[in-house]
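Given next are the chains, with one letter for each unit.
There are 2 protein chains.
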Amino acid sequence: MATIDLIITRTTVITMEGKGLGIIEDGAVGIDGNRIVIVDDSDVVEREYSSHRTIDASHKVVLPGLIDAHIHSGLGILRGVAQDTDNWMEKGLWPFMQFLTDDQRRAGSLVNIIEGLKAGTTTFGDYNGGMNDIVQNHIALGTRAHVCDMINEMPERMGDAREVGELYPLDSAVGEKKLQENIDLIENYHGSENGRITCLFGPQGPDMMSRELLLEVQQLAKKFDTSIHMHVAQGDREIEQMMKRYGKRSIPYLEEIGYLDERLLAVHLTEATAEEAKTVARSGAAMLLCSGSIGIIDGIVPPAAEFLEASDRLALGSDQAPGNNCINMFNEMKFTSILNKCRQRDPRVFPAWQMLKSVTINAAHAIGLGEDIGSLKPGKKADMIILDLQSPALFPTIQAPIRNIVPNLVYSANGSEVETVIIDGQVIVDEKIVQTVDEGKALADGQKHANELASQVRGVDTPLAKMMADGLL
Amino acid sequence: MATIDLIITRTTVITMEGKGLGIIEDGAVGIDGNRIVIVDDSDVVEREYSSHRTIDASHKVVLPGLIDAHIHSGLGILRGVAQDTDNWMEKGLWPFMQFLTDDQRRAGSLVNIIEGLKAGTTTFGDYNGGMNDIVQNHIALGTRAHVCDMINEMPERMGDAREVGELYPLDSAVGEKKLQENIDLIENYHGSENGRITCLFGPQGPDMMSRELLLEVQQLAKKFDTSIHMHVAQGDREIEQMMKRYGKRSIPYLEEIGYLDERLLAVHLTEATAEEAKTVARSGAAMLLCSGSIGIIDGIVPPAAEFLEASDRLALGSDQAPGNNCINMFNEMKFTSILNKCRQRDPRVFPAWQMLKSVTINAAHAIGLGEDIGSLKPGKKADMIILDLQSPALFPTIQAPIRNIVPNLVYSANGSEVETVIIDGQVIVDEKIVQTVDEGKALADGQKHANELASQVRGVDTPLAKMMADGLL
Numbered sequence: 001m002a003t004i005d006l007i008i009t010r011t012t013v014i015t016m017e018g019k020g021l022g023i024i025e026d027g028a029v030g031i032d033g034n035r036i037v038i039v040d041d042s043d044v045v046e047r048e049y050s051s052h053r054t055i056d057a058s059h060k061v062v063l064p065g066l067i068d069a070h071i072h073s074g075l076g077i078l079r080g081v082a083q084d085t086d087n088w089m090e091k092g093l094w095p096f097m098q099f100l101t102d103d104q105r106r107a108g109s110l111v112n113i114i115e116g117l118k119a120g121t122t123t124f125g126d127y128n129g130g131m132n133d134i135v136q137n138h139i140a141l142g143t144r145a146h147v148c149d150m151i152n153e154m155p156e157r158m159g160d161a162r163e164v165g166e167l168y169p170l171d172s173a174v175g176e177k178k179l180q181e182n183i184d185l186i187e188n189y190h191g192s193e194n195g196r197i198t199c200l201f202g203p204q205g206p207d208m209m210s211r212e213l214l215l216e217v218q219q220l221a222k223k224f225d226t227s228i229h230m231h232v233a234q235g236d237r238e239i240e241q242m243m244k245r246y247g248k249r250s251i252p253y254l255e256e257i258g259y260l261d262e263r264l265l266a267v268h269l270t271e272a273t274a275e276e277a278k279t280v281a282r283s284g285a286a287m288l289l290c291s292g293s294i295g296i297i298d299g300i301v302p303p304a305a306e307f308l309e310a311s312d313r314l315a316l317g318s319d320q321a322p323g324n325n326c327i328n329m330f331n332e333m334k335f336t337s338i339l340n341k342c343r344q345r346d347p348r349v350f351p352a353w354q355m356l357k358s359v360t361i362n363a364a365h366a367i368g369l370g371e372d373i374g375s376l377k378p379g380k381k382a383d384m385i386i387l388d389l390q391s392p393a394l395f396p397t398i399q400a401p402i403r404n405i406v407p408n409l410v411y412s413a414n415g416s417e418v419e420t421v422i423i424d425g426q427v428i429v430d431e432k433i434v435q436t437v438d439e440g441k442a443l444a445d446g447q448k449h450a451n452e453l454a455s456q457v458r459g460v461d462t463p464l465a466k467m468m469a470d471g472l473l
Numbered sequence: 001m002a003t004i005d006l007i008i009t010r011t012t013v014i015t016m017e018g019k020g021l022g023i024i025e026d027g028a029v030g031i032d033g034n035r036i037v038i039v040d041d042s043d044v045v046e047r048e049y050s051s052h053r054t055i056d057a058s059h060k061v062v063l064p065g066l067i068d069a070h071i072h073s074g075l076g077i078l079r080g081v082a083q084d085t086d087n088w089m090e091k092g093l094w095p096f097m098q099f100l101t102d103d104q105r106r107a108g109s110l111v112n113i114i115e116g117l118k119a120g121t122t123t124f125g126d127y128n129g130g131m132n133d134i135v136q137n138h139i140a141l142g143t144r145a146h147v148c149d150m151i152n153e154m155p156e157r158m159g160d161a162r163e164v165g166e167l168y169p170l171d172s173a174v175g176e177k178k179l180q181e182n183i184d185l186i187e188n189y190h191g192s193e194n195g196r197i198t199c200l201f202g203p204q205g206p207d208m209m210s211r212e213l214l215l216e217v218q219q220l221a222k223k224f225d226t227s228i229h230m231h232v233a234q235g236d237r238e239i240e241q242m243m244k245r246y247g248k249r250s251i252p253y254l255e256e257i258g259y260l261d262e263r264l265l266a267v268h269l270t271e272a273t274a275e276e277a278k279t280v281a282r283s284g285a286a287m288l289l290c291s292g293s294i295g296i297i298d299g300i301v302p303p304a305a306e307f308l309e310a311s312d313r314l315a316l317g318s319d320q321a322p323g324n325n326c327i328n329m330f331n332e333m334k335f336t337s338i339l340n341k342c343r344q345r346d347p348r349v350f351p352a353w354q355m356l357k358s359v360t361i362n363a364a365h366a367i368g369l370g371e372d373i374g375s376l377k378p379g380k381k382a383d384m385i386i387l388d389l390q391s392p393a394l395f396p397t398i399q400a401p402i403r404n405i406v407p408n409l410v411y412s413a414n415g416s417e418v419e420t421v422i423i424d425g426q427v428i429v430d431e432k433i434v435q436t437v438d439e440g441k442a443l444a445d446g447q448k449h450a451n452e453l454a455s456q457v458r459g460v461d462t463p464l465a466k467m468m469a470d471g472l473l
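Chains A and B are the protein sequences, given in the same order.
Numbering follows UniProt numbering, with no gaps: position 397 of the first sequence is 397.
Numbering follows UniProt numbering, with no gaps: position 368 of the second sequence is 368.
Next comes chain A alone, as it looks inside the complex:
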């Protein structure tokens, strides 16, 4: 009998492989090193393997670690200062963003990633400026990260006295500097930490850089063989800029310059028409959908239903703390389902099983990591989570004639039921406690930085400032 590192046994295993969701009622998963070696009935696994550690997970459920395909963890320190307003970026974010230092950004990012991690996220599609710095948080925490720098040609301090709707000035020197940071990121970190860190390119949007730089990024993505993570039709602000600068909406523009293909991870599609969403889907590009964020920021449900008519490369993302305001894929699953049920006035659409796929196996394929993660299968990397079903919000457990575990994960769980998080074979969260970083210290350090930032911000003159003056905040 071979001895392996860890067996999780006597539990409901949701493999996301095979027929339907591939659920095993009395199942077990065996892990050795950073790989899954067996997924089968408990009896079979226990007969074939012994292990250094065994977790009896009866009354629990095991499933693949969740994938947050799109997050700006570097905005973590700004949670709660920007919502219930029009022109979210200009009126909500910029009054604070212009003072944000690298240290504040990194400190906030660490707490954001901890939030997601404790709620079962194992892979973060982290998309932020300063990623050479922020990636250190993923390295320290032990999270899987699919990261890029955010490339644009926008001058610093955009918040200074710029009118809503004015065409952004573009500065090619800024663009070249940011592109170089993204190249450095790829060269320094791609494949590092045992393959836990993977890198790609992150142009911020077709409106925020010249056509030349966008095409240069595409050439480099081909050279480095990476995907391109980019906001596409993310809001009326973007569409307005595109119409002013090019006389074209974002998606027709991207189609014209040959940007719509399998390499593209198209984020949001907030303002995409039904036909544009289908165009993106048919091109082979993935859609990264951020329901909570776009709901708060724009009051819009993006055309994911139309995208799904032509492709299943749909993944979900939490986007950011100021505008969502949760870094939690359980929150995203529930919002995505209910918002789309309401968009189509049909309770049958976006069912629980489809939501779970959108944060596991389909998400993994969408972001190009489907060979390694997203399901529990021998040979894949060992990323998985264990939730306690003996929680009032997940009560009761019924296995037949209608099994209620998946609906309860999607519609009832809030992430606080996650007990164990395993990434790349390492137990990163054990009995709800982060093992790799001192959470209390991260919170205290982040709060100190938040205090510093808040003390800098002066003279905010926005709808939120009016609410503050009226005692409503």
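Treat the hints as calculated values from the structure; they're not laboratory data.
Accuracy of the hints is not assured; some may be wrong.
Because identical chains share one entry, a pair is satisfied inside a single copy or across any pair of copies.
Distance condition first, Cα-Cα at most 30 Å in a straight line; then the derived BS3-like pairs of lysine-lysine [said to hold, decoys possible]: (1) K448 with K432; (2) K19 with K223; (3) K177 with K223; (4) K19 with K91; (5) K377 with K19; (6) K377 with K466; (7) K466 with K278; (8) K19 with K466; (9) K248 with K223; (10) K244 with K177; (11) K448 with K466; (12) K223 with K278; (13) K222 with K248.
Use these hints to put chain B onto chain A, whose structure you have.
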């Protein structure tokens, strides 16, 4: 210096009184017996009172206990068996409901109430058949309950071979029996437990009983001086029944028979037109809005915006575990805001402050308990909760220039941050542990009953059964 029972001090107090939300930055609350005696700056409270127990709540926030204005806790044992389907009641619930015993109902209710309680709900508008039994859970747990029996004239075992859309038979003997149970409830429990239990009448809907019984209930409500808690325009099923039976939609019918007035707590209004919603609002009736539930069950956002144009008697409810599927007012606040932002395509509507009012002071006024609960004010009953702000999901705390605490409560909290729940002056949840009932025992007992129920259900032939067969559940 007077000595009182409890002081909570050195904290952010959201009083929901006075200008805006009445926030005190370094505040304290003093409690003696079941009443609030002082709410003021910490220095003032500590100078005027000593206390038997003091809670230092720095880095926390204190606010009024949340009000869940509409919940069927008796459906708790059915969580997760009925969603992603059309005809939720007939295809989702009835295959299970027809086997539900009183013991199973009560066991599931207990876990449901614990779920809400731990997430900060102190008052439950519990609306269920068998309330003379279920109310024992509220008595044992120490929760505040505003309860009624559910009166209808529908024969038992409605699930048996009845076609969707067929006019329900009405049985006046059933109606008289259920009415008597509601009268018994009022006579036995109204004002009991130091006033913690209050009772009213609960006709199930205008479609489920004769006009005569509906009017009899109204006469009794006047006699007992109670409100009437009733589903109104709760779905297309109800409207179809009303059109078939009376040739009128629900709200015009209720207006005609003189049912729209301050006494009515009108639940859902799912199918109300904009004009009908305004008619209800102008009549003085309250609207109890269940956003998560109606989103899952119907894919609809009810016309709360139109109601709010004419009235602020809006309260939120979790509705039930099978169809929502959470008993959690933090979930309801977030869903209500984002669903309505999307309904109106406007991120400014249903702001955080308004959501917080809808589960505290406005909810209290809506259900007729505004004199006693819903805000922190000397003389009011001591119902309040303390949340830990040192949680990743609520990070960071910023007090100026934009205070982020209320937005973070509404958009980021999931209820697991609630540390302390005080109801009627008693600490019912302390350091996240329920003090009055053994939670583990309640879960185990509920699970045993759920297993019994599930083993009874046979031959379910519904869209959910198909998903089960396809391995998608």
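Structure-based check of each hint:
1. K448 with K432: Both, since 25 Å and 27 Å are each at most 30 Å.
2. K19 with K223: neither (38 Å within a copy, 61 Å between copies)
3. K177 with K223: within (19 Å within a copy, 78 Å between copies)
4. K19 with K91: between (48 Å within a copy, 24 Å between copies)
5. K377 with K19: within (13 Å within a copy, 58 Å between copies)
6. K377 with K466: between (54 Å within a copy, 26 Å between copies)
7. K466 with K278: between (41 Å within a copy, 29 Å between copies)
8. K19 with K466: between (55 Å within a copy, 13 Å between copies)
9. K248 with K223: within (29 Å within a copy, 69 Å between copies)
10. K244 with K177: Cα proximity of K244 and K177: one copy only (26 Å, versus 70 Å across).
11. K448 with K466: Answer is within: at 26 Å inside a copy they meet the 30 Å cutoff, but 54 Å across does not.
12. K223 with K278: The answer is within: 28 Å in one copy meets 30 Å, while 62 Å across copies does not.
13. K222 with K248: This pair counts as within: shortest intra-copy Cα distance 26 Å, inter-copy 65 Å.
Going through the hint list in order, the structure does not satisfy hint 2, though it satisfies all others.
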